[in-house]
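Trainee: Could you put the whole structure together from the sequences, leaning on the hints where they help?
Number of protein chains: 2
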Amino acid sequence: MAFFFKSREIRKGKMLDFNFRNPTNILFGRGKIATINEHISPGSRVLILYGGGSVRANGTLAQATAALAGYTLFEFSGIEPNPSYETLMKAVELVQDESIDFLLAVGGGSVIDGTKFVAAAALFEGEPWSILLDRGASIERALPMGTVLTLPATGSEMNRGAVVTRRALQAKLVFHSSHVFPQFSVLDPEKTYSLPLKQISNGVVDAYVHVMEQYLTYPVNAMVQDRFAEGLLLTLLEVGPRALADPEDYDLRANLMWSATMGLNGLIGAGVPQDWATHMIGHELTAAHGLDHAQTLAIILPSLLTVCQEDKWAKLLQYAERVWGLKGGGEETRIEAAIALTRKFFEQMRIKTHLSDYGIGEESIPRLLQQLETHGMVALGERQSVTLDVSKKILEMSL
Amino acid sequence: MAFFFKSREIRKGKMLDFNFRNPTNILFGRGKIATINEHISPGSRVLILYGGGSVRANGTLAQATAALAGYTLFEFSGIEPNPSYETLMKAVELVQDESIDFLLAVGGGSVIDGTKFVAAAALFEGEPWSILLDRGASIERALPMGTVLTLPATGSEMNRGAVVTRRALQAKLVFHSSHVFPQFSVLDPEKTYSLPLKQISNGVVDAYVHVMEQYLTYPVNAMVQDRFAEGLLLTLLEVGPRALADPEDYDLRANLMWSATMGLNGLIGAGVPQDWATHMIGHELTAAHGLDHAQTLAIILPSLLTVCQEDKWAKLLQYAERVWGLKGGGEETRIEAAIALTRKFFEQMRIKTHLSDYGIGEESIPRLLQQLETHGMVALGERQSVTLDVSKKILEMSL
Numbered sequence: 002m003a004f005f006f007k008s009r010e011i012r013k014g015k016m017l018d019f020n021f022r023n024p025t026n027i028l029f030g031r032g033k034i035a036t037i038n039e040h041i042s043p044g045s046r047v048l049i050l051y052g053g054g055s056v057r058a059n060g061t062l063a064q065a066t067a068a069l070a071g072y073t074l075f076e077f078s079g080i081e082p083n084p085s086y087e088t089l090m091k092a093v094e095l096v097q098d099e100s101i102d103f104l105l106a107v108g109g110g111s112v113i114d115g116t117k118f119v120a121a122a123a124l125f126e127g128e129p130w131s132i133l134l135d136r137g138a139s140i141e142r143a144l145p146m147g148t149v150l151t152l153p154a155t156g157s158e159m160n161r162g163a164v165v166t167r168r169a170l171q172a173k174l175v176f177h178s179s180h181v182f183p184q185f186s187v188l189d190p191e192k193t194y195s196l197p198l199k200q201i202s203n204g205v206v207d208a209y210v211h212v213m214e215q216y217l218t219y220p221v222n223a224m225v226q227d228r229f230a231e232g233l234l235l236t237l238l239e240v241g242p243r244a245l246a247d248p249e250d251y252d253l254r255a256n257l258m259w260s261a262t263m264g265l266n267g268l269i270g271a272g273v274p275q276d277w278a279t280h281m282i283g284h285e286l287t288a289a290h291g292l293d294h295a296q297t298l299a300i301i302l303p304s305l306l307t308v309c310q311e312d313k314w315a316k317l318l319q320y321a322e323r324v325w326g327l328k329g330g331g332e333e334t335r336i337e338a339a340i341a342l343t344r345k346f347f348e349q350m351r352i353k354t355h356l357s358d359y360g361i362g363e364e365s366i367p368r369l370l371q372q373l374e375t376h377g378m379v380a381l382g383e384r385q386s387v388t389l390d391v392s393k394k395i396l397e398m399s400l
Numbered sequence: 002m003a004f005f006f007k008s009r010e011i012r013k014g015k016m017l018d019f020n021f022r023n024p025t026n027i028l029f030g031r032g033k034i035a036t037i038n039e040h041i042s043p044g045s046r047v048l049i050l051y052g053g054g055s056v057r058a059n060g061t062l063a064q065a066t067a068a069l070a071g072y073t074l075f076e077f078s079g080i081e082p083n084p085s086y087e088t089l090m091k092a093v094e095l096v097q098d099e100s101i102d103f104l105l106a107v108g109g110g111s112v113i114d115g116t117k118f119v120a121a122a123a124l125f126e127g128e129p130w131s132i133l134l135d136r137g138a139s140i141e142r143a144l145p146m147g148t149v150l151t152l153p154a155t156g157s158e159m160n161r162g163a164v165v166t167r168r169a170l171q172a173k174l175v176f177h178s179s180h181v182f183p184q185f186s187v188l189d190p191e192k193t194y195s196l197p198l199k200q201i202s203n204g205v206v207d208a209y210v211h212v213m214e215q216y217l218t219y220p221v222n223a224m225v226q227d228r229f230a231e232g233l234l235l236t237l238l239e240v241g242p243r244a245l246a247d248p249e250d251y252d253l254r255a256n257l258m259w260s261a262t263m264g265l266n267g268l269i270g271a272g273v274p275q276d277w278a279t280h281m282i283g284h285e286l287t288a289a290h291g292l293d294h295a296q297t298l299a300i301i302l303p304s305l306l307t308v309c310q311e312d313k314w315a316k317l318l319q320y321a322e323r324v325w326g327l328k329g330g331g332e333e334t335r336i337e338a339a340i341a342l343t344r345k346f347f348e349q350m351r352i353k354t355h356l357s358d359y360g361i362g363e364e365s366i367p368r369l370l371q372q373l374e375t376h377g378m379v380a381l382g383e384r385q386s387v388t389l390d391v392s393k394k395i396l397e398m399s400l
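Protein chains in written order, with this note's numbering: chain A, 2 to 400; chain B, 2 to 400.
Please keep in mind that the hints were generated in silico from the structure rather than gathered at the bench.
Heads up, some of the hints might be wrong.
Note that the list lumps identical chains together, so a pair holds whenever it fits in one copy or between two copies.
As a list, the in silico SDA-like pairs of lysine to any residue whose alpha-carbon atoms are at most 25 Å apart [claimed, not checked]:
1. LYS328 - GLU231
2. LYS328 - GLU239
3. LYS15 - PRO248
4. LYS15 - GLU191
5. LYS199 - TYR359
6. LYS15 - GLU231
7. LYS345 - PRO197
8. LYS393 - HIS355
9. LYS15 - LEU245
10. LYS394 - ALA289
11. LYS15 - ASP247
12. LYS328 - LEU235
13. LYS15 - PRO197
14. LYS15 - GLN200
15. LYS353 - ALA338
16. LYS15 - TRP277
17. LYS15 - ALA35
18. LYS394 - GLU311
19. LYS394 - GLY360
20. LYS393 - GLU333
21. LYS15 - ASP250
22. LYS199 - SER357
23. LYS15 - TYR194
24. LYS353 - MET281
25. LYS15 - SER195
26. LYS15 - GLN64
27. LYS15 - GLU249
28. LYS328 - LEU238
Mentor: What follows is the structure, given as structure tokens:
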């Protein structure tokens, strides 16, 4: 297979072919929520979906409702972090009972992901769980939807992917479909001022790892994608800690928000190999132990880069130089330093990076590996070389 | 007005609000032309528009025709560089006579720009020249269109703008409309192998200046946009000269192509002030003296950066450091060096950078200024500070 070649060799590879399309209309800036009515057909029956009470408490929900005077409005609340199939199916029922024809997600990645599932499931023929089992392939249509983003992190506001958890099965699964691109997304940086700092920490780490999953593989001479990815990493390094220190600095929040959206809207991943092993192993940690998504990424990524360094050698050197400014010394030293600095950045963002920090010990590893196997995650990474044995090493190094 | 402040002050400005949407589907890679039928409604009457005979000679036209077996096809050839209103109106007539319902542009920026005009003019009520006079504001619909790009340069394949020249009036005018986004664009780097090197020179300089028009203004703390712009400039500096030396290196042409598209698809310009004075002055040079578009940009930009350096001080320093690696010495010295290196790069790309190189002397300046005035170009640039007096200085410095 073309992807296998001597690991440390710098492959004079060709940029991979790709199709890229992203039709989401981004409405970026202060007060943009007041303009959403320009983007929803008049007379629509609109269901507003959200999570806990924070969007009600901070006025965002009222602003959305005010912007939609003249529409017939419905509400569905209680979409949880790592949105569950069980909860979302209640929303699907409401959509069908009330003949809803537009969905408005108000919240962060979980609410938006959940709304994408509702959009597809409401028009799906057959058992909606199969949407997750075939990763979206069977989706032929979806209700139109828009979003008001309150938490910069996942990029879901401008992409075609979503993650849904089925608690009964301890399964956290991903699906993709062009039918669930939001038609518009409001990105108002001021909406993030009132977020708990823990969510900013999670958001920065999540966005950083999204970029790394698409960047830190092997080189195919995709210069634009590499420069863009490095630009996002540098921006997150610059604004992340400052956004914790100064929560009402507009520019910091604006740059954080735009970085997170650009980090996972398909652009930097077009034409390059992608990894995603950190995410897949991390999903099992969340499903089994309830860790925040970003916590799992902060734990797994440094170990994965260490275990898989031979496969990622050339790109690790590029990362060390362009993102961390490391030029001198031997190659091993630079790579080790870049991985250590990555871990240090996560810790600086106040996210612990070892399983033991969360009370998870060696005895949990067999169960996690079993779940990876159950979900078919037996050949992960850009070379499909992260077998269960490699995942075991990564988890052991993460203790 | 908020844009005016003490020139050398580094404004702690806020990122500007913006809406960003770009629905064009990019089909990137070898042989993608064979897939265009997947993106045009079955049974369509398709008009293929192109320029001279090169797309016929090199087989691209035949590939497009082969991909569209089963459609009713028409052809319109002869769209010239700097496409003329006079020529395009003949295509409009053909579209109306033959009830065409899809336009396929096969060529470079001129063919694509011209096709955008035809798409809008064919459905326009009233005199189509008014599309240019109000810069596209009156466009309410357009025929759907797609493109097969053969020349990386203008970015027209993934944006909503076009430039049309009316020879009888010596007028070269721009219009924009969301209705003329191509539905798809094929970017196959191998299609550029047979281009005359002069067109690669022009394309690289055109793309470079597009990025500069959106980047080299004043800082508003738009970190992502700045990093992306710098990434494109660095890529063009790296691949431009090598693409002249080695015309059949796939990776060089792929990176050049993607840089040019990304340079003017709305992304790096979202939320930042923009200049475009170089383009507006350059358009008058083309209209009056027939210079290639890129030649006019290579002449005007270095002079404009010199004349307007006080207004652009902070960004010129950033450009000097991040793109050219200039850190030591006084600020004036770094800025002067960065502008000199920019000029040197254009010359290295084999584009002359003085009016005298093209036989244009001081006596031409009054006429050029008169045309700028006629076209309302009396307060250009990101601060509207490029008055006719400033344009005069820029032209004099370009002799």
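Trainee: Could you run down the list of hints and mark each one as holding or not?
Mentor: Hint-by-hint comparison with the structure:
In the homo-oligomer, the alpha carbons of LYS328 and GLU231 lie at most 25 Å apart both inside one protomer (16 Å) and across protomers (21 Å), since each shortest distance falls under that limit. In this assembly of identical chains, LYS328 and GLU239 lie within 25 Å of each other by CA distance both inside one copy and across copies; the values are 20 Å within and 20 Å between. Proximity of LYS15 and PRO248 under a CA criterion of 25 Å is satisfied inter-copy only: 15 Å between copies versus 43 Å inside one chain copy. Taking the shortest Cα distances, LYS15 and GLU191 sit within 25 Å of each other only across copies (12 Å), while inside one copy they are farther apart (42 Å).
With identical chains, the CA atoms of LYS199 and TYR359 are at most 25 Å apart within one copy only, with a shortest distance of 15 Å there and 62 Å across copies. For the identical chains of this complex, LYS15 and GLU231 are neighbours both inside a copy (20 Å) and across copies (23 Å), given an alpha-carbon limit of 25 Å. For a Cα distance limit of 25 Å, the shortest separation of LYS345 from PRO197 inside one copy, 22 Å, qualifies, whereas the shortest one across copies, 51 Å, does not. In this assembly of identical chains, the alpha carbons of LYS393 and HIS355 lie at most 25 Å apart only when taken from the same copy (15 Å versus 65 Å across copies).
Within a single copy, LYS15 and LEU245 get their C-alpha atoms only as close as 40 Å, which misses the 25 Å cut-off; across copies the closest is 19 Å, which meets it. Taking the shortest alpha-carbon separations for LYS394 and ALA289, only the intra-copy value of 19 Å comes in at or below 25 Å, while the best inter-copy value is 69 Å. With identical chains, the CA atoms of LYS15 and ASP247 are at most 25 Å apart between copies only, with a shortest distance of 15 Å across copies and 43 Å within one. Taking the shortest alpha-carbon separations for LYS328 and LEU235, both the intra-copy value of 17 Å and the inter-copy value of 19 Å come in at or below 25 Å.
Taking CA atoms no more than 25 Å apart as the test, LYS15 paired with PRO197 passes between copies only; the shortest distance there is 23 Å, against 44 Å inside one copy. Taking the shortest Cα distances, LYS15 and GLN200 sit within 25 Å of each other only across copies (23 Å), while inside one copy they are farther apart (39 Å). Proximity of LYS353 to ALA338 under the C-alpha cut-off of 25 Å is restricted to the intra-copy arrangement: shortest distance 18 Å within a copy versus 46 Å between copies. For the identical chains of this complex, LYS15 and TRP277 are intra-copy neighbours only, at 21 Å inside a copy versus 34 Å across copies, given an alpha-carbon limit of 25 Å.
In this assembly of identical chains, the alpha carbons of LYS15 and ALA35 lie at most 25 Å apart only when taken from different copies (20 Å versus 46 Å within one copy). In this assembly of identical chains, the alpha carbons of LYS394 and GLU311 lie at most 25 Å apart only when taken from the same copy (14 Å versus 58 Å across copies). Taking the closest pair of Cα atoms, LYS394 and GLY360 come within 25 Å of each other only inside a single copy of the chain (19 Å); across copies the shortest separation is 70 Å, beyond that limit. In this assembly of identical chains, the alpha carbons of LYS393 and GLU333 lie at most 25 Å apart only when taken from the same copy (23 Å versus 57 Å across copies).
Only between protomers do LYS15 and ASP250 lie at most 25 Å apart by alpha-carbon distance; the minimum there is 10 Å, versus 42 Å within a single protomer. Taking the shortest alpha-carbon separations for LYS199 and SER357, only the intra-copy value of 19 Å comes in at or below 25 Å, while the best inter-copy value is 62 Å. In this homomeric assembly, LYS15 and TYR194 come within 25 Å of each other (Cα to Cα) only across copies, at 16 Å, whereas the closest approach inside a single copy is 43 Å. With identical chains, the CA atoms of LYS353 and MET281 are at most 25 Å apart within one copy only, with a shortest distance of 19 Å there and 54 Å across copies.
In the homo-oligomer, the alpha carbons of LYS15 and SER195 lie at most 25 Å apart only across protomers (19 Å), although the nearest pairing inside one protomer, at 46 Å, exceeds that limit. Within a single copy, LYS15 and GLN64 get their C-alpha atoms only as close as 49 Å, which misses the 25 Å cut-off; across copies the closest is 23 Å, which meets it. Taking CA atoms no more than 25 Å apart as the test, LYS15 paired with GLU249 passes between copies only; the shortest distance there is 13 Å, against 44 Å inside one copy. Taking CA atoms no more than 25 Å apart as the test, LYS328 paired with LEU238 passes in both settings, with 19 Å inside one copy and 22 Å between copies.
Violation of the numbered hints given earlier is absent; every hint is satisfied by the structure.
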